[in-house]
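All chains, full assembly: derive it from the sequences and hints.
Chains as they are written, first to last, in the numbering used here: chain A, 1 to 266; chain B, 1 to 377.
No lab work stands behind these hints, which were simulated from the structure alone.
Here are the simulated DSSO-like cross-link-like pairs (lysine-lysine), alpha carbons at most 27 Å apart as the crow flies:
#1 A:201 with B:45
#2 A:54 with B:10
#3 B:22 with A:151
#4 B:60 with A:202
#5 B:46 with A:203
#6 A:151 with B:46
#7 A:201 with B:303
Model, not experiment: these values are computed from the prediction.
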Amino acid sequence: MNMIVCIKQVLDPEAPLSSFKIDPATNTMVPVTTVPFVISPFDEQAVEAALKIKDAKGGKITVISLGVNLLRDVVKKPLSLGADELILLEDPAFVGGDSWSTAYALAAAIKKVGQFDLIFCGRQAADSDSGQVGACIAEILGLPQITVAKKVEAVDGKVKVDKVTTDGYEVVEVPTPALITVSNELGEVRFATFKGTMASKKKEPIIWKPADIGAEPSKIGAAGRRVKTRKLFQPVRDSKCEIIKGENDEEAAANLAKKLVEVKLI
Amino acid sequence: MDFDYNDEQKMLKQGAREFFEKECPKSLVKQMMEDEKGNPPELWKKMAQLGWLGLIYPEKYGGGDGNMIDLIALEEEMGRACLPGPFLSTVLLSGLFILHNGSEEQKKEILPKIAGGQLILTLALTEQSDSYEASAVSVEAKAEKDDYVIDGTKLFVPDAQIADYIICIARTQKGAKPEDGLTAFLVDRKTPGITVTLLKTLAGDKLCEVVFNKVKVSKKNIIGKLDQAWGPLQQTLQQVKIAQCAEMVGGAQRALELAADHAKKRIQFDRPIGSFPVIHHLIANAMMDVDASKFLTYEAAWKFSEGMPCAKEIAMAKAWTGEAYQRTAAMGHQVLGGIGYTMDGEMHLYFRRAKSGELTLGDGKFHREALAKELGM
Numbered sequence: 001m002n003m004i005v006c007i008k009q010v011l012d013p014e015a016p017l018s019s020f021k022i023d024p025a026t027n028t029m030v031p032v033t034t035v036p037f038v039i040s041p042f043d044e045q046a047v048e049a050a051l052k053i054k055d056a057k058g059g060k061i062t063v064i065s066l067g068v069n070l071l072r073d074v075v076k077k078p079l080s081l082g083a084d085e086l087i088l089l090e091d092p093a094f095v096g097g098d099s100w101s102t103a104y105a106l107a108a109a110i111k112k113v114g115q116f117d118l119i120f121c122g123r124q125a126a127d128s129d130s131g132q133v134g135a136c137i138a139e140i141l142g143l144p145q146i147t148v149a150k151k152v153e154a155v156d157g158k159v160k161v162d163k164v165t166t167d168g169y170e171v172v173e174v175p176t177p178a179l180i181t182v183s184n185e186l187g188e189v190r191f192a193t194f195k196g197t198m199a200s201k202k203k204e205p206i207i208w209k210p211a212d213i214g215a216e217p218s219k220i221g222a223a224g225r226r227v228k229t230r231k232l233f234q235p236v237r238d239s240k241c242e243i244i245k246g247e248n249d250e251e252a253a254a255n256l257a258k259k260l261v262e263v264k265l266i
Numbered sequence: 001m002d003f004d005y006n007d008e009q010k011m012l013k014q015g016a017r018e019f020f021e022k023e024c025p026k027s028l029v030k031q032m033m034e035d036e037k038g039n040p041p042e043l044w045k046k047m048a049q050l051g052w053l054g055l056i057y058p059e060k061y062g063g064g065d066g067n068m069i070d071l072i073a074l075e076e077e078m079g080r081a082c083l084p085g086p087f088l089s090t091v092l093l094s095g096l097f098i099l100h101n102g103s104e105e106q107k108k109e110i111l112p113k114i115a116g117g118q119l120i121l122t123l124a125l126t127e128q129s130d131s132y133e134a135s136a137v138s139v140e141a142k143a144e145k146d147d148y149v150i151d152g153t154k155l156f157v158p159d160a161q162i163a164d165y166i167i168c169i170a171r172t173q174k175g176a177k178p179e180d181g182l183t184a185f186l187v188d189r190k191t192p193g194i195t196v197t198l199l200k201t202l203a204g205d206k207l208c209e210v211v212f213n214k215v216k217v218s219k220k221n222i223i224g225k226l227d228q229a230w231g232p233l234q235q236t237l238q239q240v241k242i243a244q245c246a247e248m249v250g251g252a253q254r255a256l257e258l259a260a261d262h263a264k265k266r267i268q269f270d271r272p273i274g275s276f277p278v279i280h281h282l283i284a285n286a287m288m289d290v291d292a293s294k295f296l297t298y299e300a301a302w303k304f305s306e307g308m309p310c311a312k313e314i315a316m317a318k319a320w321t322g323e324a325y326q327r328t329a330a331m332g333h334q335v336l337g338g339i340g341y342t343m344d345g346e347m348h349l350y351f352r353r354a355k356s357g358e359l360t361l362g363d364g365k366f367h368r369e370a371l372a373k374e375l376g377m
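This is the structure we're talking about:
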């Protein structure tokens, strides 16, 4: 089975909120140097889903990422885990896009790759949280898609997916080729073995520029952006602390209960 | 000049950080400090599966063919995680000694089992004085037909309480110099006559008294050459010291980060304490200590991996890093204030390990002497 996984390099979402600042004049995030880059965690789940199928049925995994200055020690991680090939759409022209222009470039790269049975994406990127790139790729390529997968199995030429719903999950089947977005419910991702990590040294990424994938310049990156950001801001969370007193612990607890009832918290 | 790790080493380091954050939380570290065995078996097994226990051994002995720089990248993360368990005693002290000095049969028999997490070994070198000088070795081994009989007491033997085998350095002959007449024996810990007693330690690391009471060991169990263990042992210890410095660098770096994070968040007098010059200076001094430790260690590791002479660099790295780690952790306590001293916190783990790390394999004074000797004094 030939599988393609789209991954995004993002600033570590586990970094403290105070690390991130917004420039209100430009409606953009102020570049930070103190937060490391990682693969978006949902995309790591997508890689894991592909690796599980490769473990069970064999196949080839091609990973595609888009951006500029992509850190090799970050984007090569799937290679250390068992992916076979890494393609980087690395050019300033790809930068500043929205979900659609990103999906357009990724879809063009996927077309160039040619043979594929499954495309995996994370359910959403950990930075923008839009959750649209996977769906847009499926739309552009005319593929069926299943979103928010927690389990993916290749069965008799089809793919069986446990899809997360608000009250549980449903089991659906889809013929290949198809696109699947993967959720964190997939479970733990594997760690790279030492040998896997060192073996990734021999797999140099393939770099594709816009012309290599036949992308129209007006449709990629900032030029192809359809979404206009009206305002980007960090919500202010104000908190006040009130110490509830009493003659003793019991009375303080009773006063606390009264206060909570008063403010309709219980 | 580039002292940075390559991409794969950065991936190894980042992967190790994520692994230890998940599999070796500080709650486990604290639990292991109190635990007699001090080695969570599941964690050890998983490290073996990831190929970390055999990283530095050749592939033909079940290893990963890694080099010294790969090893220190991993060691930094072990230090950051305050990893409990017998990595130093088994993989480094014992495994490397066997790798460099053992017979082909010994290497094929033991190293794949260390790499696979099936065997725990330790090295019994120090005695009552805790000195790493050859003159401090008084435990004797006397020839008796096809065997040797070991008699005496070893002290501060790491992880002997869980070891399957102990490599005992014993005096087989009184030579012209203290370095002469020392031999390494591979001894099954269950051999009659061996008594292991766990000692109470500051960092909860597992150091033991090992009494050898007329313990019979076959001549076949000699590692390396009879009467000539000291030189080869020193070569192994040099390599292990670099790894240990990297572990201390990782711990010191984390102690520094904890202090700096706290200084940015802790509000006093309506502003973060990190805005006060006195805190600036504490943190800045610690950063200089950590970076100096890092680059001394990296230089020693690089020279070692290139096969270049590096005795001076190792002596400098060990003397400096052991003390710099302590200064950094002490600074951390100053910045964190009361919370730094609670068992719920993490800083005390680094402070304890800094002290333990300073003393293991020779303290600053020992290595200053070693450096002076290298300078021809």
